[in-house]
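Trainee: If you're matching them up, the sequences are chains A and B in order.
Per the numbering used here, the first sequence starts with residue 1, numbered consecutively.
Per the numbering used here, the second sequence starts with residue 10001, numbered consecutively.
FYI, nobody ran anything at the bench for these hints, they're computed from the structure.
Hints may be right or wrong, so weigh each one.
Claimed, not checked - Within a straight-line C-alpha distance of at most 27 Å, the following computed DSS-like cross-link-like pairs (lysine-lysine) qualify: (1) A:K5 with B:K10374; (2) B:K10453 with A:K11; (3) B:K10616 with B:K10580; (4) B:K10274 with B:K10330; (5) A:K52 with B:K10500; (6) B:K10453 with A:K26; (7) A:K32 with B:K10616; (8) A:K32 with B:K10887.
Read off the chains here:
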Amino acid sequence: MLEIKCPYCGKRSQNEFSYGGDATVKRPTLGKEISTEDWDNFVYFRDNPRGKHTELWHHVSGCRQWFKASRDTATHEIFDTCKMNEAFNE
Amino acid sequence: MRLSMSNTYRTKNSTGLINKNKKINFSFNGHTYHGYEGDTLASALISNGIHLIGRSFKYHRPRGFLGVGVEEPNAMVQLHEGNKSEPNIIATEVELVEGLKAKSQNCWPSVQFDIGEVNNLLNRFFPAGFYYKTFMWPKSFWMKIYEPFIRKAAGMGVAPLQPDPDRYEHNYEHCDVLVVGSGPSGLASALAAAKNGARVILAEDKANFGGSLLTDEVTIGNMSGKEWANDTVAQLKSLPNVILKKRSQVFGYYDHNMTVMIERVSDHQENPSKYTPRQRLHYIRAGEVIVSTGSIERPISFGNNDRPGILLASAAKEYMTVYETLVGKKPIIFTNNDTAYSTALEFLKNDITPVILDTRNNSNGELVKEVKQKGVNIRFNSGIADTKGHLKIKSAVIGELDKDKENFTSLESIDCDCICMSGGWTPTVHLSSQAGNKLKFNEEIDAFVPDKKRQRESAVGAANGSFTLNQSLAEGFQVGFDLSNKFTNNNIETNTPNSKEPKYEKHERLWCMPLPQGKKPKRFIDFQNDVAVSDVELAIREGFRSIEHVKRYTTLGMAGDQGKTSNLNGLQYVSNIEKKIVPEVGHTTFRPPYTPVTIGAIVGREVGNHYLPTRKSPIHNWHEENNAVFVAAGLWQRPRYYPKESENMNDAVNREAANVRTNVGICDVTTLGKIDIKGPDAPEFLNRVYTNAWLKLPVGKARYGVMLREDGMVFDDGTTSWLSENHFHMTTTTAQAANVLSHLEYYLQVVWPELDVNVLSTTEQWSGIAVAGPKSRELLSKLFPNIDLSNEGLPFMGLVDTKIDGIFARIYRISFSGELAYEVNVESNFGLHMWKKIMDVGKAFNIQPYGTEALSTLRIEMGHVAGAELDGRAVPFDVGLNGMVSKKKDFIGKRSLSKEAFTSEDRQTIVGLVPLDKRTKIPEGSHIVENDKVASPVPKLGHVSSSCWSVEYNNPFSIAIIKDGKNKIGKNLFAVSPLKDISIPVEVVSSHYVDPDGERVRS
Chain A
1 MLEIKCPYCG KRSQNEFSYG GDATVKRPTL GKEISTEDWD NFVYFRDNPR GKHTELWHHV
61 SGCRQWFKAS RDTATHEIFD TCKMNEAFNE
Chain B
10001 MRLSMSNTYR TKNSTGLINK NKKINFSFNG HTYHGYEGDT LASALISNGI HLIGRSFKYH
10061 RPRGFLGVGV EEPNAMVQLH EGNKSEPNII ATEVELVEGL KAKSQNCWPS VQFDIGEVNN
10121 LLNRFFPAGF YYKTFMWPKS FWMKIYEPFI RKAAGMGVAP LQPDPDRYEH NYEHCDVLVV
10181 GSGPSGLASA LAAAKNGARV ILAEDKANFG GSLLTDEVTI GNMSGKEWAN DTVAQLKSLP
10241 NVILKKRSQV FGYYDHNMTV MIERVSDHQE NPSKYTPRQR LHYIRAGEVI VSTGSIERPI
10301 SFGNNDRPGI LLASAAKEYM TVYETLVGKK PIIFTNNDTA YSTALEFLKN DITPVILDTR
10361 NNSNGELVKE VKQKGVNIRF NSGIADTKGH LKIKSAVIGE LDKDKENFTS LESIDCDCIC
10421 MSGGWTPTVH LSSQAGNKLK FNEEIDAFVP DKKRQRESAV GAANGSFTLN QSLAEGFQVG
10481 FDLSNKFTNN NIETNTPNSK EPKYEKHERL WCMPLPQGKK PKRFIDFQND VAVSDVELAI
10541 REGFRSIEHV KRYTTLGMAG DQGKTSNLNG LQYVSNIEKK IVPEVGHTTF RPPYTPVTIG
10601 AIVGREVGNH YLPTRKSPIH NWHEENNAVF VAAGLWQRPR YYPKESENMN DAVNREAANV
10661 RTNVGICDVT TLGKIDIKGP DAPEFLNRVY TNAWLKLPVG KARYGVMLRE DGMVFDDGTT
10721 SWLSENHFHM TTTTAQAANV LSHLEYYLQV VWPELDVNVL STTEQWSGIA VAGPKSRELL
10781 SKLFPNIDLS NEGLPFMGLV DTKIDGIFAR IYRISFSGEL AYEVNVESNF GLHMWKKIMD
10841 VGKAFNIQPY GTEALSTLRI EMGHVAGAEL DGRAVPFDVG LNGMVSKKKD FIGKRSLSKE
10901 AFTSEDRQTI VGLVPLDKRT KIPEGSHIVE NDKVASPVPK LGHVSSSCWS VEYNNPFSIA
10961 IIKDGKNKIG KNLFAVSPLK DISIPVEVVS SHYVDPDGER VRS
């Protein structure tokens, strides 16, 4: 079980959180034309890297804040976590 | 029960850890014996002269004890009886307790005479991969013939059929430094870390702290090893920052330094108090973990090396020194190293002179010299070729080895009643390996040791390959201090005391004896899985090269044992055959749990009613008192129906639903999800979340809304109302309440943080009561005389705030049943009061409560969609919600709706179905086909999502999702349920079966 540092609450066990996928994906702007290909890329396609991954977590059984984590998908090492409007320390 | 036997295999001196003043009676295979307090089941049996404990897994060979602790591969027993019965318990780990009952496993009719032993005589027909080769064909034989046969033949213990009556607890701990194992290096680490102020947990598997210090004759400072261990434990106990846990096995090392430990709390107590748990599972999140798990002795492979009475030399020594038990009175000691000589010395203390066989040409180690000085003849350059004795070892065929040690030069037979073997030592690296440590091979000790760590884990002492006491203590004190310094600023270093121990000479790299000429006795490597040298040879001959493949083909090192005594000997043998060095062969993966763990302990208290939390509405007790039958809706308990006297479910549901259509019904809808939404951008936010337009909704009005996922599928629906400027109240379905909240939070926090909106779950703050039926207006007018409830005063989708008995109440005019209906919301605490009040006034209008079944009937008849239709595969068009989709504005998921696949005319869409005979109910999940007479596979048009008995028309009615549904209306098809083996001719009708124009809700 991972130990995740919520930027608001501090270190908590993984079972308080839910995973939210790749944090670098940007939702297309509302009301703007978009090609089917670009839309499909947004909805369906994600990279599945081995190694460092910037991802979203939701402190669902805690403060209910979404935040970003930088995690190694192979070793599960979490390098840093930060609030949505912040950047990692590295 | 037969007569108790004597307890004659005991040492002369009482210097161990058993209490001879307290006799303990126990039974094994129906015979009564006694042992003493401090005995294990193993030591008690051996002290009674019993070595035969079970039959081996595959060949049903008689087996005895090989070890003295967790490393034991053979001695698994069935413990206790009835609902407390527990299979596959390692007898060396069971502390003796009055009245203990144990039984041998894997034998019938008895352990002495076992029919299954025929497998041993036929052993040449059971080579490695036997099951893979034999039970392949025909395929149809697998489930009914092969599999049950194998299960019966290759039996372990028997699982009890009744629920486990014992209590198990879970505990969560945090500490700076967790020390696993309390031998010299573990005690040193714990002491150094604790004195420096770190929060320390010290875990020891056995009933006594001290590890090898309890058996080895060494000096630390001016104390004996045992005294130093006791002194150190006393010091640790006096420190407030230390938790000491004995009978506690850390069996798993998971990510981010999460370790799991099983504590045997009351297994050793005769009469534990009622609420004492049997075992406790500790989840320990440790800042640093010190792995001081010591090492396990390696066996040697020789002909028939698995007979009862053949065991590890260190085990024999521990039985003597700790348990005051003699494993035999006519021992042979067989070794490739010096440490086994300490076992010889223990025998000598009991006036027993062992025969010593040493594969080496000579040794000048201190213990060897001491044994020589006592006049014992040591046969160097010698080994064991074979043994005899069916149920217990009787003699050994021994001989001298040739120059290359590949053959015996001469053989002779000598009598014995036990063989104590030692092939050197294997560091216990399981936990380090579980933690992700890439092990490296240490050629000095011919074993793997931890290398590059992935987690905050450090091995010390023998677990790190440091086999001398000096090294172990130095490492322990150093690492304990260094690691604790990460957590404290005290910088208090504890000095390493001087220590004295015998000097050892090097072991010989020889673990497998040659076969006696002309004979082929089995030479076992893995005792638990019955893997012999010949099986490994066969696997390699058949082309298995990777050690992981050899493992799976032969089953070497698998299962509960995890290769504790067999792994290295297996690797060594493979590397010998392949003419490679061991590190090139590599090692297999060690997996948790290190030792078998009771399922009950893993489950803990989460059983029965505690399996999941139960959510109850504030009106729950009323439902109970009024005979409600409940149904689980997620965690919620909801009334399903309220049967009267002799009614069955169908009768009750039809009565409840019909009463709503004709009079008035009342339903507890407290479980609906409710979300409070506030902020100046709330209308804009709702406009993006819902498919329909929200910007022009006036204050004091509710609106039905549909939300999609980005992939265009309908996610949830519900009613949201505008309470005041910047303040909305959203309702969701019961099932999706939590997901909708997370969804809203995601868009507000991650995607559109610029929107000034707050969302908060208020599901548990409001109690909701639906009042539905043509008489609902009359009823509520009587209850709220000051409010204008006329169609003009409170029109459909309107809402009004009011007070009743000083309580705030909000009345919505919304309807799920399709009738004229209202929903009264009050604060949860007043839910029951409000419910009773409505029931009271409602008597005059024939009010009746209705449950979720009638609720379903009413919505199905109306063609209102719910979870069964909104199953994550439906776009709005499919389920008749296209009218809800705005063409003007953008919203979540809109772009997906214009994709080709989602606009195609032949998509499966919603329709109604009525059976042609107007009598046969259509099972939910039935397939819809055009022709049920053609050969399968029959092209499937769709499926039935919801079914009910229409109380309006008094015949069955179903909702189905079928291909090109709109154009199928009026056609006759078949609803087929292969599960129930029925085919029902049906007519396709509109899904809006009752009141298709929605006149009633607006009346």
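Trainee: Each hint needs a verdict: does it hold in this structure or not?
Mentor: Against the structure, the hints:
{"no.": "1", "hint": "A:K5 with B:K10374", "in the structure": "64 Å, violated"}
{"no.": "2", "hint": "B:K10453 with A:K11", "in the structure": "22 Å, holds"}
{"no.": "3", "hint": "B:K10616 with B:K10580", "in the structure": "67 Å, violated"}
{"no.": "4", "hint": "B:K10274 with B:K10330", "in the structure": "47 Å, violated"}
{"no.": "5", "hint": "A:K52 with B:K10500", "in the structure": "50 Å, violated"}
{"no.": "6", "hint": "B:K10453 with A:K26", "in the structure": "37 Å, violated"}
{"no.": "7", "hint": "A:K32 with B:K10616", "in the structure": "46 Å, violated"}
{"no.": "8", "hint": "A:K32 with B:K10887", "in the structure": "14 Å, holds"}
Of the numbered hints given earlier, the model fails hints 1, 3, 4, 5, 6 and 7; all others are met.
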